[in-house]
Amino acid sequence: MNFGQEKIADQFLLVAVVDDDESVRESLPDLLKELGFAAIAFSSAEEFLCSACLCQTRCLILDIAMPGMNGLELQQELKVRGNRIPIIFISALKEEDVRELALEEGAAEFLLKPFSDTALLQALNTALQVT
Amino acid sequence: MKVQLEHPADEIKRLQRCINDVVSILALPAMWGDNKPRDIVHTLLDSLLRMLNLDFVYVSLTNLVEATPSETVKVAPSQEQIFRPQELCMSLNRWLGDDPQKLYLQERSHIGDQDVSLMSWPLGVQREIGVIVAGSRRADFPQDTEALLLRIAANQALIGLQQARLFSEQKRIAYELDQRVAQRTAELAAANEILRKEIVERTRAEEALKRSETFLAEGQRLSRIGSFSWRVETGEITWSEELYRIFGFEQDVVMTLDLIATRVHPEDIPLMNDMVEKALDSVRDFEYKHRLLMPDDSVKYLHLIAHGIRDNDGRLEYIGAVQDVTQRQISEEALAKARFELADVARVTSLAMLTASIAHEVNQPLSGIVTNASTCLRMLTLDPPNVEGARETARRTIRDGNRASDVIMRLRALFSKKASITEQVDINEATREVVALTLSELQRNQVVLRCELAADLPLVTGDRVQLQQVILNLLQNASDAMCGIDDRPRQLFVSSKLEEGDRVRLSVQDRGVGFDPQAMDRLFEAFYTTKNDGMGMGLSVSRSIIEKHRGRLWATLNDGPGATFSFTIPYTTNT
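So the sequence lines, in the order shown, correspond to chains A and B.
Residue numbering for the first sequence follows our numbering, starting at 272 and increasing by one per position.
Residue numbering for the second sequence follows our numbering, starting at 3 and increasing by one per position.
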């Protein structure tokens, strides 16, 4: 499944990964790169908000449960700032109410860990088509 | 006998008169019907006085009872002026004297100022009954017939008096016999009375004894305690009824150590042998518990105590009691089992509450694994393949796999239903592990955790898993207490330190809703909960775990908001 044709002018779309778990921060960017994206990882929502990449981020892969500002709160914060980056939530916990809320608030997708690369691609597809 | 042949016809008349008199005298006894000596003497004297025409007649009787003789004198009415009785007695006494030869006397003597003819005749061959003296002033007294009459009269009197004496003797003997019999009868009656009283006493005592024995037997039956005595030298063993019942033997079967051994549980036989050996050795008190294996294969638990004494002859004897504590044992075992299962329920409850953490802890590394594997495959399908990259992803996969495995092992250890294991436990390490497991959950609940675990904390002896359950319980409660708190940070402070008195202390402090100080004791009660979906098991089980470790679990309210739950456990000092 090659996404290549529908890429926009930028060589690589920047996908930001925000997760407090180290394994995720290690593995996900590599997979994204293999999938043809540029990727950068942050260990907290606060870190992401402060980063320079904020404006360049074309898609956000966001963990729900994090110390400090959690995923849903970041979603709200971005809304408040008028930032409409498509968000793909990833979570280790299967909680229906959280999923519903996230989607209601405009999330593009909500994936449960562990997720396959296929599922990730589909989600990216969905997310990036929104723009 | 001098015969005077003056006139034969007169003589014949005189002799006829004599014979008549003899017949009269022979008839005298008929008048002595009631055998009174006094009467005999009087009728005799009267008859003689009359028949012989005496002036006086005197009888002296030896008194059986007293030494002094009784004297009786009768004077013919016509002579009463001449002869005074008292003077007569004295004179006759003097005349008689004590000479035993003077038995049959006939003499002319002088009494007062009169000349009298006296005749004496003994009553009894040696005057043993008495003597009779007849007196007349006639010079020819006594004539032959008169002497004969006197002799016959004396004989009759003698017979009569002897009979009287015999009779009186008989009466006296009979009286004495009666007296003696009466006395003996009274004595016997008294003795009988004493015996009767004794019997009543004994019967009463026996009844009291029976009652007390019944009480004892009943008491033994109710309390399932039987008593025994064991004379070591002779091997004689005595059992109470209840003990027979406990062991399931027929009453009154002769008890021996061998017979007892047939009931003792095979595994406890060495214990019994050891006890017997020690007991034979010397006087000592002993106490031990052992089981019985009954014929129907049921098991009884017995608790035995015995006290050794030396009896009066210095021989060793043991007196003891045996209680059937099977019920208590069963109850205790059931209680222990219930506690165990309760702890299990508490564990399951906390398991449910940790589902979030489990999922989280395991899914994170799993996610890493899946992602890395996908990356790996993609790298390898490139042309040329990115081997370096693939290697790196493979490495990460293995690492994450191990991480997941560790978590699962720790979780499994925490939630497996195992029997208690005692080991040396580092409280700090145990705390860190629990924190690691709950961290994500705590963070999800916006709880900020701070740990200050004292360095070089001594090890405590206990069940690591159980202690971790307590720590887990405290952390969850602290987190729950801060559930709705929004006006301040949800700070959770876990600390450990060394306490005075060789104890290790762990405290979990929250800034939550606290608790009602009045309900402080209730906090640790089973089924007490302030949570909507709480079961109220956690603190109650936690406390019993800590107490099993000879420690204490308690709660205090903070100066600020929230509460602090702490426990202390004594640590081992060089065992």
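In case anyone wonders, no lab produced these hints; they're calculated from the structure.
Every residue gets a Cβ at the ideal spot worked out from N, C-alpha and C, and that includes glycine.
Keep in mind that the hints are not guaranteed to be accurate.
[Claimed, not checked] Every beta carbon over 12 Å from chain B, so not counted as near; a handful from chain A, in silico:
| hint | residue |
| --- | --- |
| 1 | 371 |
| 2 | 385 |
| 3 | 386 |
[As the list claims (entries may be wrong)] Some chain A residues close to chain B (C-beta under 7 Å, calculated; not the full set):
| hint | residue |
| --- | --- |
| 4 | 301 |
| 5 | 309 |
| 6 | 312 |
| 7 | 322 |
| 8 | 323 |
| 9 | 325 |
| 10 | 364 |
| 11 | 388 |
[What the hints assert, rightly or not] Computed footprint of chain A on chain B, listed as stretches where at least three residues anywhere in the stretch have a Cβ under 8 Å from a Cβ of chain A:
| hint | region |
| --- | --- |
| 12 | 367–374 |
| 13 | 398–406 |
| 14 | 425–433 |
Check: Hey, does the residue 301/A contact hint survive, CB to chain B under 7 Å?
Finding: Status holds, d = 5 Å.
Note to self: So, as I understand it, the hint says residue 322/A touches chain B; can you test that by seeing if any CB pair is closer than 7 Å?
What the structure shows: Where the cut-off is 7 Å and the nearest Cβ of chain B is about 22 Å from residue 322/A, the hint is violated.
Next item on the list: Would you check whether residue 388/A satisfies its interface hint, that is, whether its CB is within less than 7 Å of any CB in chain B?
Entry: 4 Å, holds
Item checked: Check on residue 386/A being off the interface with chain B, judged by Cβ distance over 12 Å -> Not fine: 7 Å to the nearest Cβ puts residue 386/A too close to chain B.
Notebook entry, point to check: Does the claim that residue 371/A lies off the interface hold, with its Cβ farther than 12 Å from every Cβ of chain B?
Noted result: 17 Å, holds
Notebook entry, point to check: Count the residues of the region 425–433 of chain B with a beta-carbon closer than 8 Å to any beta-carbon of chain A: does the count reach three?
Noted result: It is violated: at least three residues are needed, and the region 425–433 of chain B offers just 0 whose Cβ sits closer than 8 Å to chain A.
Notebook entry, point to check: Taking 8 Å as the C-beta cutoff, is the stated coverage of the region 367–374 of chain B by chain A satisfied by three or more residues?
Noted result: holds (count 8)
Item checked: Restraint satisfaction for residue 364/A [CB to CB of chain B, less than 7 Å] -> Constraint on residue 364/A satisfied, holds at 6 Å.
Notebook entry, point to check: Taking the closest Cβ pair, is residue 323/A under 7 Å from chain B?
Noted result: It is violated, given that the least Cβ distance between residue 323/A and chain B is near 26 Å, above 7 Å.
Check: Is the interface hint for residue 325/A satisfied, with its Cβ closer than 7 Å to some Cβ of chain B?
Finding: Violated - the Cβ of residue 325/A stays beyond 7 Å from chain B, reaching only about 24 Å at its closest.
Note to self: Given residue 309/A as an interface hint, is its Cβ closer than 7 Å to any Cβ of chain B?
What the structure shows: 15 Å, violated
Notebook entry, point to check: Is the nearest Cβ of chain B still more than 12 Å from the Cβ of residue 385/A?
Noted result: Nearest chain B Cβ is 4 Å from residue 385/A, so the label is violated.
Hint violations for this structure: numbers 2, 3, 5, 6, 7, 8, 9, 14, all remaining hints satisfied.
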